[in-house]
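Fit chains B and C to the supplied structure of chain A, relying on the hints for placement.
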Amino acid sequence: MSSIQAAVRQAPVWVPPLVVLVVMLVVIESLRPGSLAMSRLAIEASEAMTLILIATGQTIVVLRGGIDLSLGGTLSLATAIAATRADVSFGELLPWLFVIIALGALIGALNGALVSALQLQPFVVTLATWSIVSGFALIILPINKASVPAAWFEAGNAKVLGFLPVPILLLFLLLLWWAWFRRTRLAYRIRAAGSDERGAFLNRVSLTRTNVVSYGLAGCLAAGGGFFFSTQTGSGSPVVGSQFILPSIAAVVIGGTNLAGGRGGVTGTVIGALILNLIGDLIFLIGLSSYWQQVASGIILIGVVLLAPLLRMASEPSGGDG
Amino acid sequence: MIRPLRARRRTPGATLLSYIGLIALFALISVFSPGFADPNHITTLLIVAAFTGIAAIGQTWVIIGGGIDLSVPWTLNCAAVMLTALARGQDGMLVWIIPLILLGGVLVGVVNGVGIAILRVSPIVMTLSTNIVLQGLLFIATKGFPPPPTPRAVVWLATGRMGPIPVILVLWALLAVTVVLIERRTSFGRYLYAVGTSPTVATFSGVPTARTTIATYAVSGAGAALAGILLDGYARQSYLGMGDPYLFTTIAAVAIGGASILGGSGSYLGTIAGALILTELTGLLPILKLESGYLSVIYGVVILLTVALAAPTTQRLIARLLARPDAASAIVSD
Amino acid sequence: MRDSPLLQAESITKRFGGIVALQDMHFAAAAGEVHAILGENGAGKSTFIGILAGALRADEGHIVLRGEPYAPHSPVDAAAAGIATVLQELSLIPDLTVAENLWFGSEERTRLRTVDRRRIEARTRALFAGLGLPAIDPGALLRSLGVGQRQLVEIAKALSGDADILILDEATSALVPGQVDWLLRAARTRADAGKLVLYISHRLAEVRRVADRVAVLRNGETVGTQATASLTDDQIVSMMLGRRLVSLYPERVATATQTVALSVTGLTVAPRLRDVDLELHEGEILGVAGLEGHGQRELFLGLFGAIRAQGQVSVRGQRVTIRSPRHAMSAGIGMALLPEDRRHQGLLLTKSVRENLVLSALGRVARLGVINPRAEAAIVTQAIERTRIKTDTPEQPAGTLSGGNQQKVVLAKLLATGARLLLFYDPTRGVDVGTKAELFALMRELAASGYAILFYSTDLAELANVADRTIVLSYGSVSTVLAGADITEDRILAATMAGGSGAERGSAA
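Residue numbers (our numbering), protein chains in the order written: chain A, 1 to 322; chain B, 1 to 334; chain C, 1 to 509.
None of these hints come from the bench; they were simulated from the model.
There could be a bad hint or two in this list.
[What the hints assert, rightly or not] One-sided and incomplete, this derived list gives chain C residues near chain B with beta-carbon spacing under 7 Å: (1) V223; (2) G224; (3) A227; (4) L231; (5) V260; (6) R326; (7) G332; (8) L359; (9) L362; (10) A366; (11) V370.
[Stated by the list, open to error] To spell it out: a stretch of chain B is covered by chain A in this simulated footprint if at least three of its residues, at any positions, have a beta carbon under 8 Å from a beta carbon of chain A; those stretches are: (12) 42 to 54; (13) 246 to 254; (14) 291 to 300.
We put the CB at the ideal spot given by N, CA and C, even for glycine.
Chain A on its own, in the form it takes in the complex (with noise of 0.2 Å):
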């Protein structure tokens, strides 16, 4: 076995996209320069930081082995919330912020409990729970409103130190967190249950528990980034939810996670959050009109998903079964 192969086998999963993302940017850099100077990456840091959160979130659901679809319904529930505290203060920013994330907490849990207590498919569970949350933030928000405190408003997009925004600081904490939490025993706990139940059990691995804390853990950042959302734009949406769930999806995928659980991780989500981003400005710097993004973004999705295979296959011993 070459040593090649063995570089490309021990390979995390987020190198191609990786790879992707610097050659993105390399270009943009090269067809605009000045894009990577810190005040326009705080720009990109900003609008990618949304779908990062709930692309987190979607990622540790996806790597217990299921998915979560009503993530978009948290996360416009979480904006609803924020843009309906009127004549809040700056500092009830923190209460307020933690009764959001304890109310995605409690929506993921629920959906943890369902799909484990009732053996139900997480799609469906997930799909009817979308349906409530969604409906519940069109209840206490019916239409969008730019309503969001004006403290909380200003805090979205202070600067932390003088300098660093607060998108870019997020970031950077959510990565440095995921640096830690990736090696907790928790972490390893959802992994197996993703990758082998019937091993994981045997192993002593309560399949409720990582169902509950996964998808607790899912409606958390969803609820954050829903938060952060409204604090961005100041304002709220019941429906904003869905334009970030499909592309959560996707997000996930691209960074390398494998659907079907147990490997992969929330650096390549990252990643596959900001090639998603990235694309639109790269659309509009070759000159193709900016409804290229979509149809770039397809491509980029199945390409992905097909290559994997390709590069794995050629990486995998002969006759290493699967």
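Same frame as chain A, but now just chains B and C:
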């Protein structure tokens, strides 16, 4: 871990249950809202349900076959916009435009099917990608310009009547009969259920697995296209975004109709009931004086109840409660 | 060191539907010994091990461990009771690394409460070194390892704890001779340290090298337990085989013709099947024997078109390249496979018997795609009669039938296609005695009508009594061909058990 399988008494089919639910719901609503049972109102309900119903033909088969079709929204939208754009408000060319568009739907389905059955891409990723790409292509093609209004013949299809009966219902009924007959009486129907139950067994039994899968997605594409054409008629125009609600409604209709999302069971008959239940539920809003957000909540609860009832765990619980020893079907697991 | 029994099982009975897997079985083993359990497939070894490992629950009887009652509800209980197992189906997680798998649940943690990668990898290397195993990269993903290496990791995992009882169930099935030597030495070391090692294997040679005592199971009962040294191979074999019901097998009739139905040259499915030649005649039942994992599966699936194979295949003189099972079953070729796993490859368990029976022959009951109910009913009736399927109604779900009847449904399904070239893969596994007899009689009937049958069985008596000729596969090639009076169980057993010693390439033409 093996537990022996005892003989099962046939518990009421999921399809039958969904019709019971349909009628019960109807009765309940009529009690509170007498106008609900008015023949005109029923006709309106049926017409509204027809769009989901027709779009869900393919979704039903795709789900029975073990997959899912997330490309319904933009296949529908592309068909709708292409129809108005090509026909330019005239009836004349419809004779070849409509078949062409249906063929386009088939083509989308074949692309999906080939990706899934032969390239082994997961249905979620494959149909999601086609959905995204179609959306992009449509945006590019229309460049934001509003398309011409719908030709009158198509409007007639969606809103006209043959005597007392709306044309669209005749169309739906014909399609429904054909679909159910195919499910029950043809080789294709058997192949479909076999592939959905166990692709491995199907392959080992000589079933043309790939071809069957591709065919189901082709039908789904055609169904979405047809629904798009009909929606053009109903709305008298096409617009971007008209397909978006149909992702949820088609999947929900199939799920409420009793089909397992894993495949191998269910029937279009159930989907019809599911589509009707979804439409009926809108009738609850004025009674309970609720806003539209509540409809969404109700939809979700109904779906949860349906799948929870069908879950093996619940079935066993019910059987034990009813103390019917032979219905306590201990399923063999390993 | 022989003390009072560490582990004792009394009157264990276990049934699966209509089949009795264990019947009033007794067992006793002491600490400080390697205790082998021998028996043919279906003798009850796996069932007994399953009960000990907590995966199954006995219907009757009780087990005493260290003087206390032992009745585990799950494998977790068994592990807690100090029992470590290496079963045929591995319990490793494919997407975790070797180190992560080995130390799952008992990982070292850093101050940040994360799993200490370096520590567990160091412990892995230490474990492998301490066990005398060649190093496997601790950071390698399990799914990147071959089957043999995975088995080694599973064994290492079982050895890593300090379990009082170590169960090795066919633990050498994927190992090469050097690794087998290692395992036998490791087992011996364990026993000498006062532990109990239960060694289940088909391979007499290995058993002889490592086991102090041997318990032989047959038909769900313990036939005898004796010191290994006090038994000859012949004695062991005859304990395993016992006296057979003569009426189980049909009369030997010479039905083989000279017409070649299937001719195979150089059939290869890397890496397990290499360059196999064989010739199957109309009217002949050609047996295939061999240890698990020596190419039989690849042979059958490769012929049937279910997996890709190299080589040349001719059916009735015509060169064919079989692209898929559907192609194999088509009228031009007429080949059908009775698969290994009837529940997951042969039958749609939730669908009716009727639907299953006609599934492969829909072309014959449908015109222009539309099924003719009467034609269907005719085929169903004919199928049920021909193979004597016992069912209340053809509408009952196939999953509710007994194992034997399920097998008959699969067989009838194949026959309904008109295929005359039949591949039977271990058709009598999990099938009751009565149905077995019926199946054998049916096989001979079919052969007499000119069908050609390729017949793989893990039960050597079957091969000896039913097959006209038998080829023995070893390490993917044909090592021996036995015919006529040469096919006795002992000869087949000896040839398969010897497995690996100088497998000559030969052809069975």
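- Message: Flag every earlier hint the structure violates by its number, smallest first.
- Response: 1, 2, 3, 4, 5, 7, 12
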